[in-house]
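Novice: Chain residues, written in single-letter form:
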Amino acid sequence: MTQKILVGCGAGFANDRPDAALRLAQDLAQRTGQRYIMLELLAERTLAEAQLRKGLDPQAGYATRLFDFLEPMLDVCIEAGIPIITNGGAANPRAAAQRLRNTLAGRYPTLKIACVLGDDLLDETPARYVQWLSLDCVGHEPVSVNVYTGADGIATALAEGAGIVLCGRVADPSLAVGAIRHGLGWAAEDWQKMAVATAAGHLLECCTQVTGGYFAHPGMKDIPDPANLGCPIAEIHQDGRLIISKTRHCGGRVSEQTVKEQLLYEVHDPRRYLTPDVVLDLGQARVQDLGEDRIEISGLQGHPRPETLKGLAGMRGLWFGEAEISYAGPGAVPRAALAREILLQRFARLAPEVEPWIDLSGIASLFNDHAGRYLQQRLTQAPALEDVRVRVGLTHTDRSLVEALLAEVESLYTNGPAGGGGVRRHLTEAVTTRSFLLPRSEIHTTLEWY
Amino acid sequence: MNLVTLADFAHARAGDKGNILSVAVFPHDPAHFQWLLRELTCERVAEQFATRRPSRVHRYDLPNLNALNFVLEDALEGGVNRSCGLDRHGKSLSYLLLALRLPGPSA
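For the record, the sequence lines run as chains A and B.
With the first letter of the first sequence counted as 1, position 242 gets the number 244 in the numbering used here; the numbers rise by one all the way through.
With the first letter of the second sequence counted as 1, position 59 gets the number 60 in the numbering used here; the numbers rise by one all the way through.
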């Protein structure tokens, strides 16, 4: 029986760093025992965007940067026998598998590439998914409908010899849970073990967020060599011990602080963290510093997995526009505030149904709100700034109306307060998503081999 | 009253799910955990986020981790899907919480 496995994570979102993933692969290749690499490449809206690309080109629709991550590490991983597991198949795992075969150009003919399918409900009759969507989704045409599947398909693919596993929508921690179930032979219904596996996946899924990313605060929480953060590696033992470390000879840090921040990241009730594989209970969790960037996590409890799965539908039809203009030097604040007043008046006349969000960056932007309550509060404190950026954000279903309103910001060049400069405008189609629940018994994942 | 800024005594990380903001808060010095339990109340946090009009603020206590996990419902102006703001995820909002002024640990 295998006593210990290593699972590394080389990407925590679509635009993570491929060079860090390669260094992870090179590090793991020099170690012994069973090792796996996961690449988490999806966000909530990624799948809808991927479906739109697939609609234009049937060979597209996987994560746009999937091959930026895969290509440099393929030889290293295949030769060291390290399976790669990724959700970067996105809306089209089959097309990703075919391109992967083309990339390999006849090399490694015995390598088995698995596609895990069954998360994508868009191919099925709408009647099947409409029953689970909430009422306010009816009338919108969804561009993506997916279910967050668990680790079953991944564990099966690895058991059948997959060297690379391409998934679409799968719960992020499940990428690790599938590897751990395979590597340690853990049963899907062993809730204590699934708690350990899911905690490992949860700590890995955002990649460097547990090794010093999204963390540094100079003088308060310093991180060594923050431009070269090492990727996280989970060490999981047959007896349930879980240790988080990172790529050797890289920057970053694994400390009690970094692990605790990530352990609770995006968690609501820590005693009931719902995943497709287990209900994870962090209520008794503890962390212990073993030194040398190694942190042990213990006290994890598991409860039977939910009978429902979470689904996510992506809808199109909304346009999101942003435009900005800056004022600097003496009187920058009153000039920027005047620009805001002018825009509010113009928008109220041209499109009274559109309520623009207006920030004055430097005074209030990140903490601001749509109604500008926070901004008003800050303006009464008479901030002394000499560089203020006016930012307008708005959404509407009518693209040309959004364009016309963004042009109003640019018109401040000649019509607005003195010395306005640096206009930038940006218009994108916004994909909005709605989550829903559906019975687990309705979803069956299948494998296809390439 | 002897008021201090939370950022001088604690660190925090924000996360989002839809229109729900969660912020986990940790004292730099574990000895300050009891002080946070006493002073960093849901009422104070709701007041700090008043301009975001959260419909509900809940606190989960994790004594083993010396952590408090705050969940603020409807605090993200629609969240990453709907918000017209600059930070649609609310990733920066850990620092709005850390800007909170409260009675110091020695008070």
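Keep in mind that a hint or two might mislead.
[Unchecked claim] Pairs of lysine-lysine residues, derived as BS3-like cross-links and limited to a Cα-Cα distance of at most 27 Å, are as follows: (1) A:K312 / B:K18; (2) A:K223 / B:K18; (3) A:K56 / A:K312.
I should point out that these hints are in silico values taken from the structure, not numbers from a laboratory.
Novice: Take the hints in turn and mark each one as holding or not.
Specialist: Okay, the hints, checked on the actual structure:
{"no.": "1", "hint": "A:K312 / B:K18", "in the structure": "holds, 13 Å"}
{"no.": "2", "hint": "A:K223 / B:K18", "in the structure": "holds, 26 Å"}
{"no.": "3", "hint": "A:K56 / A:K312", "in the structure": "holds, 23 Å"}
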